[in-house]
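S.K.: Protein chains in written order, with this note's numbering: chain S, 1 to 137; chain W, 1001 to 1326.
For the record, the hints were derived by calculation from the structure and aren't laboratory data. Among the clues, some could well be false.
Said to hold, decoys possible - Sample of chain S residues at the chain W side, in silico, Cβ under 8 Å:
#, residue
1, 12
2, 83
3, 126
Claimed, not checked - Ranges of calculated distance between the beta carbons of each label pair, as one might list FRET restraints:
#, chain 1, residue 1, chain 2, residue 2, range
4, S, 120, W, 1018, 23 to 31 Å
5, W, 1192, S, 29, 22 to 30 Å
6, W, 1277, S, 12, 25 to 33 Å
7, S, 53, W, 1284, 34 to 42 Å
8, W, 1024, S, 120, 18 to 26 Å
9, S, 56, W, 1111, 51 to 59 Å
10, W, 1080, S, 29, 34 to 42 Å
Said to hold, decoys possible - Not close to chain S: a few residues of chain W, all C-beta gaps over 10 Å, as computed:
#, residue
11, 1115
12, 1207
13, 1236
Using N, Cα and C, we set each Cβ at its ideal position, and we do this for glycine too.
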Amino acid sequence: MVHGVVLARTSHTDVDDLVQDVFVTALERLKDLREPAAFGGWIATIARHRATDHTRRQPLTEELVNDVPSPKQGDRLEALAILDAIKSLPEAYNETLVLRLVEGMTGAEIAERTGLTPSSVRVNLHRGMKLLREKLA
Amino acid sequence: MSDYLWDKGGDPDPEIERLERLLGQFAWSGDVRLQADGDRASNAGRYVGILLLAACLALVVGGLTLAFRFHPAVPSWQVTTTAGQSSLPVGGVLETGAREQASFNVADIGTVRVEPNTRLRLLDTRAGNHRLELLRGTMHATIWAPPNQFFVETPSTLAVDLGCAYTLTVDDEGTGLVSVLVGWVGFKWRDRESFIPAGSACATRPRIGPGTPYNERVSPQYREALSTIDFTPGSPGVSGALTLVLGESTERDEVTLWHLLSRVPASDRDRVFDRLAMLVAPPAGVTRDGIRGGDRKMLDLWWDALGLGSTSLWRTWSRQWTDNSK
């Protein structure tokens, strides 16, 4: 879940380092967690802040690819373009879509692990998917 | 209502399936590449670090959840042995026979299993501070509380649980050995401290304190050489022992080399500096002269570069356990 939350906001090349940062920060701040049942939402918040902070500090970069991509590179190019399209959606939608389409979680799992209500996740998924289809059309 | 976007049920949506196939390459793989030859240590360390941190957090939060639901603090511990059940009050001693094992819950934060021929004393148990003294023998601890709540005193060190599972042994001379299965253990004796990660071990000696942590897969000669460096300082064998350690150290031994930076004589620090620098480049702000002089800030910077978590984490806990042990 943390991986997906971070990926929704940053370059995929930076995700692993940031995920580790999130877990270290969570361990440092664990004493601040008053209600264990709120752990999912709590660590998701840490992940959002860390990813957003990282993105603000980074210069804009692009992944370089060959002029004539192989079929495998073609898939990767298309995937990167779709990922960029998802990231351009409003925040409520992009994180939910990344967790569903990239991390493979179901709506119920997203709700359970992020602390969002199932109805919110369902709305975010469907509205986000509608916007994504329009962008990719 | 079931639909493919929500729960992957119902009729598959071809467009969503295509997106899943394309985007799946960016998913968290959970790939652990421990000791893979040729891999940069930072990569392996990163994946292992993430998994260990996640495992610790899961255990800690799971334990907290159970504690919040079911258990108030308990004033003494119930011990189960092959002979039956008994109570271990504060100040009480538990001693197992030659064929006897025992186990007990550490209040509501963990469990301890005790091997035969072990003698230990319960020193304290209250919220946030549970303390045993291992006088002799072997105990296995699994702790799911946040770090810095479970302490084991031995004749030669104070073992601080930084989460999550370890085995601690003390022999009749007071010599100790910790072997860490999951998470981290901190060893502290006066100003000397060691951080021992999962997969590593560390010896302690009375009146000296903790030695240098080492990966459990190092050779017997490597362990013996570390013992010479740690526990017979000033002896003629130290220089040769250091040569062996430096020669055999690989990426898995970065923690060992980092500890040695501040433990070998100043005249030998350049050699450790050079070997560690070959494995993990000293980050900006770290100089040879500074390390030679034992600069704590530079040591911390280099530790951070190992990819095992920020030193601020360990320093915070170190301060806390020092305060708690007063």
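S.K.: Indicate, hint by hint, whether the structure satisfies it.
M.R.: Here's how the hints hold up against the structure:
{"no.": "1", "hint": "12", "result": "5 Å, holds"}
{"no.": "2", "hint": "83", "result": "7 Å, holds"}
{"no.": "3", "hint": "126", "result": "7 Å, holds"}
{"no.": "4", "hint": "S/120 - W/1018: 23 to 31 Å", "result": "26 Å, holds"}
{"no.": "5", "hint": "W/1192 - S/29: 22 to 30 Å", "result": "28 Å, holds"}
{"no.": "6", "hint": "W/1277 - S/12: 25 to 33 Å", "result": "31 Å, holds"}
{"no.": "7", "hint": "S/53 - W/1284: 34 to 42 Å", "result": "21 Å, violated"}
{"no.": "8", "hint": "W/1024 - S/120: 18 to 26 Å", "result": "25 Å, holds"}
{"no.": "9", "hint": "S/56 - W/1111: 51 to 59 Å", "result": "45 Å, violated"}
{"no.": "10", "hint": "W/1080 - S/29: 34 to 42 Å", "result": "36 Å, holds"}
{"no.": "11", "hint": "1115", "result": "30 Å, holds"}
{"no.": "12", "hint": "1207", "result": "33 Å, holds"}
{"no.": "13", "hint": "1236", "result": "42 Å, holds"}
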